[in-house]
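*Asks:* Since the structure of chain A is provided, determine the placement of chain B on it from the hints.
If you read the sequences in order, they're chains A and B.
Read in order, the letters of the first sequence are residues 4 to 80 in the numbering used here.
Read in order, the letters of the second sequence are residues 570 to 822 in the numbering used here.
To be clear, the hints were calculated from the coordinates, so they are not data collected in a lab.
Where is the CB? At the ideal position from N, CA and C, for every residue including glycine.
Watch out, some of these pointers could steer you wrong.
Said to hold, decoys possible - These stretches of chain A come out as covered by chain B in the derived footprint (C-beta under 8 Å, 3 or more residues): (1) 15-24; (2) 32-39; (3) 54-60; (4) 63-72.
Said to hold, decoys possible - Pulled a few chain B residues facing chain A out of the computed Cβ check, cut under 10 Å: (5) 622; (6) 626; (7) 640; (8) 648; (9) 652; (10) 753; (11) 769; (12) 797; (13) 808.
The chain contents come next:
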Amino acid sequence: MIDLRSLDELLRAQEGDAGCDAGVPIMDQYVEIELRGEDPSERFPGTAIHLRVCPGCRADHDGVLEAARRFGDLDPD
Amino acid sequence: MTVIEIGGDATRRLTAAGRLRATSVYDQPVSVEPSPAAATTRPSVLSDPTSRRWVEQLRPGHARREQAVARLHDALRRAALHELHRRRGQLPALAGTELDDVAQQCADDAIVSILGRIDDFQGLSRFTTWAYKFAIFEVSSKLARHAWQRNPPSHEELELGELPDSLATQPAEQTERREQLTVLREAIEANLTPRQREVFVAIALNDVPIDVLALQLGSNRNAIYKNLFDARRKLRESMAAAGHAVTREGAEE
Numbered sequence: 004m005i006d007l008r009s010l011d012e013l014l015r016a017q018e019g020d021a022g023c024d025a026g027v028p029i030m031d032q033y034v035e036i037e038l039r040g041e042d043p044s045e046r047f048p049g050t051a052i053h054l055r056v057c058p059g060c061r062a063d064h065d066g067v068l069e070a071a072r073r074f075g076d077l078d079p080d
Numbered sequence: 570m571t572v573i574e575i576g577g578d579a580t581r582r583l584t585a586a587g588r589l590r591a592t593s594v595y596d597q598p599v600s601v602e603p604s605p606a607a608a609t610t611r612p613s614v615l616s617d618p619t620s621r622r623w624v625e626q627l628r629p630g631h632a633r634r635e636q637a638v639a640r641l642h643d644a645l646r647r648a649a650l651h652e653l654h655r656r657r658g659q660l661p662a663l664a665g666t667e668l669d670d671v672a673q674q675c676a677d678d679a680i681v682s683i684l685g686r687i688d689d690f691q692g693l694s695r696f697t698t699w700a701y702k703f704a705i706f707e708v709s710s711k712l713a714r715h716a717w718q719r720n721p722p723s724h725e726e727l728e729l730g731e732l733p734d735s736l737a738t739q740p741a742e743q744t745e746r747r748e749q750l751t752v753l754r755e756a757i758e759a760n761l762t763p764r765q766r767e768v769f770v771a772i773a774l775n776d777v778p779i780d781v782l783a784l785q786l787g788s789n790r791n792a793i794y795k796n797l798f799d800a801r802r803k804l805r806e807s808m809a810a811a812g813h814a815v816t817r818e819g820a821e822e
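So here's chain A without its partners, still in its complex pose (with noise of 0.2 Å):
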């Protein structure tokens, strides 16, 4: 066995990932999970994983966790 980092990277695909169109419709409960402190990956464990490895839908979710913790508070009044 050869332990060797970037080509562990290189190769990732860790069984249980969900895929990105699977973390679509819950990306806002996941963000606010986390926004309660609380671990997400309880309830979603597939786009916890994919969420490791896809750079494409981490952004995606930054940009949910940031607007959500930045704009959230906002009333239609």
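*Replies:* Structure of chain B alone, referenced to chain A:
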């Protein structure tokens, strides 16, 4: 699925997923995440008075609809602009009034999508968080399109060339590493489908953003990711079969 007709790029991604899953194996998620309704044990927070007021006021016929739409649009535009600044490293050429214009477009498309899907909001998050999701996906989609139009992947980025410097041989482990890279290269050439090879080379070896590659190949993020995931799994298996198993947490057990 009327949203496809009235929404922006991100809305098409949101709504097209279900339709495409029925027709193409590449649009299947890598695994199945619980549906939002099934996944939550918390009660709906439509009882959240602020979220409830947003939904009520945004519905057609409400006396305050125009003001609520304007207020939400302004919030979406500010969130989109903030996100564009946060991601400006992806597209340095985009600046100044151009950023403002893109933020405005994101807010325009996002609010059309939101109004078209207002009855889909289940109250599983705050309304504003649900709404900002649309704006952020629009930013992601529009940035990718700008990047693709200004700097599409080159032929070299899609073809297998030299393996990257990060994998380069160190003197102390020269022989072993050289063997390993030979196995990897052979597996890339022999064991991947042409599409898997193209996707792996572009994203994993040449850092082409996944959304830019999806546009280049006329595909979508999830389908490209599935190609990448399958390619990585095949290569990992090939390495192990050749006696060069790669250790670590990313490995499939």
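*Asks:* Which of the numbered hints are not met once you compare them with the structure shown?
*Replies:* Those not satisfied: there are none.
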